[in-house]
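Trainee: Quick note, the sequences are listed as chains A and C, same order.
Quick note: the first sequence uses our numbering, first residue 1, plus one each step.
Quick note: the second sequence uses our numbering, first residue 1001, plus one each step.
These aren't lab readings, by the way, just hints derived from the structure by calculation.
Warning: the hint list may mix true and false statements.
[Claimed, not checked] Partial chain C-side listing against chain A, Cβ under 10 Å, derived:
{"#": "1", "residue": "Ala1048"}
{"#": "2", "residue": "Pro1053"}
{"#": "3", "residue": "Gly1055"}
{"#": "4", "residue": "Ser1066"}
{"#": "5", "residue": "Gln1068"}
{"#": "6", "residue": "Asn1075"}
{"#": "7", "residue": "Lys1078"}
[What the hints assert, rightly or not] Only pairs whose alpha carbons sit at most 25 Å apart, straight line, appear in this in silico SDA-like list of lysine to any residue:
{"#": "8", "chain 1": "C", "residue 1": "Lys1078", "chain 2": "A", "residue 2": "Gly239"}
{"#": "9", "chain 1": "C", "residue 1": "Lys1078", "chain 2": "A", "residue 2": "Leu265"}
{"#": "10", "chain 1": "C", "residue 1": "Lys1096", "chain 2": "A", "residue 2": "Tyr274"}
{"#": "11", "chain 1": "C", "residue 1": "Lys1096", "chain 2": "A", "residue 2": "Glu44"}
{"#": "12", "chain 1": "C", "residue 1": "Lys1096", "chain 2": "A", "residue 2": "Ala281"}
{"#": "13", "chain 1": "C", "residue 1": "Lys1078", "chain 2": "A", "residue 2": "Arg283"}
{"#": "14", "chain 1": "C", "residue 1": "Lys1096", "chain 2": "A", "residue 2": "Pro218"}
{"#": "15", "chain 1": "C", "residue 1": "Lys1078", "chain 2": "A", "residue 2": "Asn238"}
{"#": "16", "chain 1": "C", "residue 1": "Lys1083", "chain 2": "A", "residue 2": "Ala216"}
{"#": "17", "chain 1": "C", "residue 1": "Lys1096", "chain 2": "A", "residue 2": "Pro277"}
Backbone N, C-alpha and C define an ideal beta-carbon position, used for all residues, glycine too.
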Amino acid sequence: MGCATALPLARAGMKVAVFDRRGLGLEASGRNAGSLSPMIKRAEVVAHAMRGYQMWMSSREWLGADIGAHTQPGILVAYTDAEAEALATMVDARRASGAPIELMAAATAMVREPALTSAVKLAAWSELDGHGESNRTGQVFNFALRKAGASVFARCEVARVSSIGAGYEVHTAQGVATASRIVLAGGAWLEQMAAWLGFSLPVQFKVNQMIVTERAQPVIRTVLGVQNGLLTLKQASNGTIVIGGGWQGHGDLVNGAYQVEPEALVRNLQLARYVVPAVGALRVARVWLGLEALLPDYLPALGAVPGTTNAFVIGCCRGGWAIGPCLGALLADLMLGREPELPLFDPGRTITGLPFAAAGSQAKGM
Amino acid sequence: MSSRTIAGRISGKFRRGAPLTFIFEDNTVNAFAGESVAAALIASGLRATRDSPSGLPRGPFCFIGSCQECAVRINGRKVLACKVLVAPGLVVSADKVQP
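Next up, chain A with everything else stripped away, as it sits in the complex:
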């Protein structure tokens, strides 16, 4: 999200420097499952998600490189009465906020997606879905940022920032930089970063585990999710199948996401096999994890840091990879004195917590 903010700023003529503790896009931006599903986003961010979807689909035009995004229909399936009821409620809410999603009878869904063979109770269908190769995020932004004249400092951790006059000093491992404006875009680490400016941002995080199989013949044509949130599954254009569902591995802010939880891995795969039996014939090629930052209301932090001038924050949003380009463009608009076309999300709002799914628990708020 920091890169997505920096790029339009650099193109607008600002002198931009990006500091990254490791390298661009190596944390959540490059470790997520690459889903572009506007239909499952919270109502408040559906418009942003649809904009993000369009931006990733046209990445070659504005980013100068192809992120490998493809349109595929999205399907959400319910297997129990409770899931079916929740799905119907969710579809109503998403439709009201403009998401192109419709309920679909189970029989129809199982014809539209023949990979589903276990008894589906109810489904939701959206033509506006797809996925991209999120692992390339850092690479394509690195290229675009440098081309736009921005300076990129990788392996250059920012220890703190302090305000000086009307601007800021950025204290890094390699020296001190001065800036008239700063943007904090540190994902799961944003609470620590906001504290540099005396601002309290209640960031939580999940340690999401993802799985990719070996290459296979075409198995599934949709981006699939189960209503309870415990399974997402899609087939990339190279034939590999990416399986997720918010299953939790081990990680913390000191070590990052560092260890796969085998039991979660097995249960994720068992669920995948139940929903799409053809997956059972495939071997797992790789498993990985990343820290997904969240605020308790599951909405982004996007705007000025309260109590400061010229300091901004961006991050903490479910489906952040899909929405990120849109949020970055909106924040850049604000910083450039333009009127952002979509609402921002005041980091200083009163954040009332939805029931939070703590690490280790599998409950998800869709």
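Starting from the known structure of chain A, fit chain C onto it as the hints suggest.
Mentor: Chain C only, in chain A's frame:
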């Protein structure tokens, strides 16, 4: 069924395990105890052990369990031919793309 010889192996003062045969697709393959399935297949001139997802033939390449190219089916499981030892009567199938 065709019978495969022990051609393709080095000769000379080399102590081999007991001779045995196993099945690969329609072939009875001659091998020696202690050889991997992949090595025995290659020695018998059987190079294609699976199809890629696009239907092209693939076979053993690295012989150390890394490249994944020698995947075969044994007892219904997809395993690496280079990491399974031959055994008398072992039945090995190529990992074919389903028609």
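Trainee: Against this structure, judge whether each hint is valid.
Mentor: Against the structure, the hints:
no.: 1; hint: Ala1048; result: violated, 17 Å
no.: 2; hint: Pro1053; result: holds, 5 Å
no.: 3; hint: Gly1055; result: holds, 8 Å
no.: 4; hint: Ser1066; result: violated, 12 Å
no.: 5; hint: Gln1068; result: holds, 7 Å
no.: 6; hint: Asn1075; result: violated, 14 Å
no.: 7; hint: Lys1078; result: holds, 6 Å
no.: 8; hint: C:Lys1078 to A:Gly239; result: holds, 17 Å
no.: 9; hint: C:Lys1078 to A:Leu265; result: holds, 19 Å
no.: 10; hint: C:Lys1096 to A:Tyr274; result: holds, 23 Å
no.: 11; hint: C:Lys1096 to A:Glu44; result: violated, 48 Å
no.: 12; hint: C:Lys1096 to A:Ala281; result: holds, 12 Å
no.: 13; hint: C:Lys1078 to A:Arg283; result: holds, 8 Å
no.: 14; hint: C:Lys1096 to A:Pro218; result: holds, 14 Å
no.: 15; hint: C:Lys1078 to A:Asn238; result: holds, 20 Å
no.: 16; hint: C:Lys1083 to A:Ala216; result: holds, 22 Å
no.: 17; hint: C:Lys1096 to A:Pro277; result: holds, 18 Å
Hint compliance for this structure: hints 1, 4, 6 and 11 are not met, and every other hint is.
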